[in-house]
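**Q** First to last, the protein sequences are chains A and B. One point on numbering: in UniProt numbering, the residue at position 163 of the first sequence is 163, and numbering is uninterrupted. One point on numbering: in UniProt numbering, the residue at position 161 of the second sequence is 161, and numbering is uninterrupted.
Calculated from the structure, these hints are not laboratory results. Keep in mind that a hint or two might mislead.
Stated by the list, open to error - Derived lysine to aspartate or glutamate pairs resembling EDC-like cross-links, with alpha carbons at most 16 Å apart:
1. Lys60/B <-> Asp81/A
2. Lys60/A <-> Glu36/B
3. Lys152/B <-> Asp168/B
4. Lys148/B <-> Asp65/B
5. Lys152/B <-> Glu63/B
6. Lys155/B <-> Glu139/B
Claimed, not checked - The following label-pair restraints were derived from C-beta to C-beta distances:
7. Arg85/A <-> Ala173/B: 54 to 64 Å
8. Gln14/A <-> Ala208/B: 33 to 43 Å
9. Pro59/B <-> His144/A: 38 to 48 Å
10. Leu216/B <-> Asp143/A: 36 to 46 Å
11. Asp143/A <-> Pro59/B: 46 to 56 Å
Positions of the beta carbon are idealized from the N, C-alpha and C atoms, including for glycine.
2 protein chains.
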Amino acid sequence: MASQNTLQAALGYQFSDANLLEQALTHRSHSGPHNERLEFLGDSVLNFVVASLLFVRFPKIDEGDLSRLRANLVKQAALADIASRLNLSQYLRLGEGELKSGGFRRPSILADALEALFGAVYLDGGFDAAQQVIQRQYETILDHVDAKTLGKDPKTLLQELLQGRKLDLPVYAVVATHGAAHNQLFEVECQIPALDIKVSAGGASRRAAEQSAAELAITAINAIPQAKGQRKARARKSTQLSLPVAVSQEKK
Amino acid sequence: MASQNTLQAALGYQFSDANLLEQALTHRSHSGPHNERLEFLGDSVLNFVVASLLFVRFPKIDEGDLSRLRANLVKQAALADIASRLNLSQYLRLGEGELKSGGFRRPSILADALEALFGAVYLDGGFDAAQQVIQRQYETILDHVDAKTLGKDPKTLLQELLQGRKLDLPVYAVVATHGAAHNQLFEVECQIPALDIKVSAGGASRRAAEQSAAELAITAINAIPQAKGQRKARARKSTQLSLPVAVSQEKK
């Protein structure tokens, strides 16, 4: 097991009570006090700190978008990523069964242990300490958050992309279903007539197939060297540049 | 509108920035900055503070029970109760439509405004201030929390009640359905043979009817002066008291 000092350095926090650190790293499959209560506490301090970071960083977006962003920043996969950066798997204390089945690589175990660590820091050092530790892990992530797209599903993104270009909404249609009732595969086509795009994708439900088709449609739009909508906008802009109105814009 | 000083006294907090207090009390139906972003922030600080209060107060219960308790303490009805105690409806700023339709009495509007107030206190005075304000509102409530039962549904409570007396689980059966398919009423019977209890209740779904029947069964059990299960246990105990084994128990 790696030295816990390395982990504490990566967290930017030195525990006064080493037992709390140890408990945070102990999965319930291991003997002794485990990390599940700390995880409960850590989950809630994490949610709050990320909420307040988003509140300050994005002063103009509404609470629905704040909720969407937060949900994505604290979801299991995001926490497992942070846990991996911290090499958390090297410090975990797991029972034999979990050890053999590779539990130290499991995203849920990593995410839970990370939350438990945040909870342990709060108990050990108070709210300011926990806030600093969490903020340190999220700084770079927040620098790269695209508040408009993060956590939106492909259908929503496609719709917004088309609305932004003042184009009609895409048209979805089930073109085929395969297989028996309990194990059907839906094939859905997504058409965007204005851009001559027609793609299709399969899925275990109509909704899943629509999302996959929307994803393909977005890829198709991005693959167009200059999308038709954009070409028009750019042409208009370059025309304006040679007119007085462009000069007045430069003065602003 | 009542004086905001009365509200601040009830909260135990005096705002430095009166605009934050005003915004927290402003529903989105009213003109000007409204309270929805503050509500997002307040919801998360509330969740965290209640989590930490429960963590400290109930050192033995597991994270599942902590989650259940918290969910019940921060649910809309619980928040609306606190808001009513604070006479929050007297301070709300609502649009005309909401005013006319009695929005100041609506639990969702009251609960949201209370959360927004907590968020505003955090912004105005920092975490410690928010923690104190929330703790003050929850002190009495926490003193009366029954950690074993709060937030459990009647079927679960009934099952635990019977298991505690080492009795068989209740038997549920749909005894009748009434009405057309889109508007059915289910009648469910709940039997506890060991206690000679047989009650029935109706509901819009099988599940709902079972829950109502379980609630009636609990009432029926509590109405028995001495439930049979208990009587047996007491009888056995009093028998034991006259035997050597009871003496050895007393020595422990």
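**Q** Hint check: Lys148/B vs Asp65/B, CA-CA at most 16 Å. Holds or violated?
**A** holds (8 Å)
**Q** Could one say that the CB atoms of Gln14/A and Ala208/B fall in the range 33 to 43 Å?
**A** With a Cβ separation near 54 Å, Gln14/A and Ala208/B fall outside 33 to 43 Å, so the hint is violated.
**Q** Is it true that Arg85/A and Ala173/B lie within 54 to 64 Å of each other by Cβ?
**A** Hint holds: Cβ distance 55 Å, inside 54 to 64 Å.
**Q** Between Pro59/B and His144/A, is the Cβ distance one that fits in 38 to 48 Å?
**A** The hint (38 to 48 Å, Cβ to Cβ) holds, given that Pro59/B and His144/A are roughly 40 Å apart.
**Q** Keeping to a limit of 16 Å between CA atoms, is the pair of Lys60/B and Asp81/A held or broken?
**A** Violated - the C-alpha atoms of Asp81/A and Lys60/B are around 31 Å apart, more than 16 Å.
**Q** Can you confirm whether the C-alpha distance between Lys152/B and Glu63/B stays at or below 16 Å?
**A** Answer holds: Lys152/B to Glu63/B is near 15 Å, not above 16 Å.
**Q** If you check the beta carbons of Asp143/A and Pro59/B, does the distance land in 46 to 56 Å?
**A** The hint (46 to 56 Å, Cβ to Cβ) is violated, given that Asp143/A and Pro59/B are roughly 39 Å apart.
**Q** Verify the proposed pairing of Lys60/A with Glu36/B, using a straight-line Cα cut of 16 Å.
**A** holds (12 Å)
**Q** Could you say whether the range 36 to 46 Å given as a hint is met by the Cβ separation of Leu216/B and Asp143/A?
**A** violated (58 Å)
**Q** Please work out if Lys155/B and Glu139/B have their alpha carbons no farther apart than 16 Å.
**A** violated (29 Å)
**Q** For the pair we were handed, Lys152/B and Asp168/B, check the Cα-Cα distance against 16 Å.
**A** violated (20 Å)
Checked against the numbered hints above, the structure violates hints 1, 3, 6, 8, 10 and 11; every other hint is satisfied.
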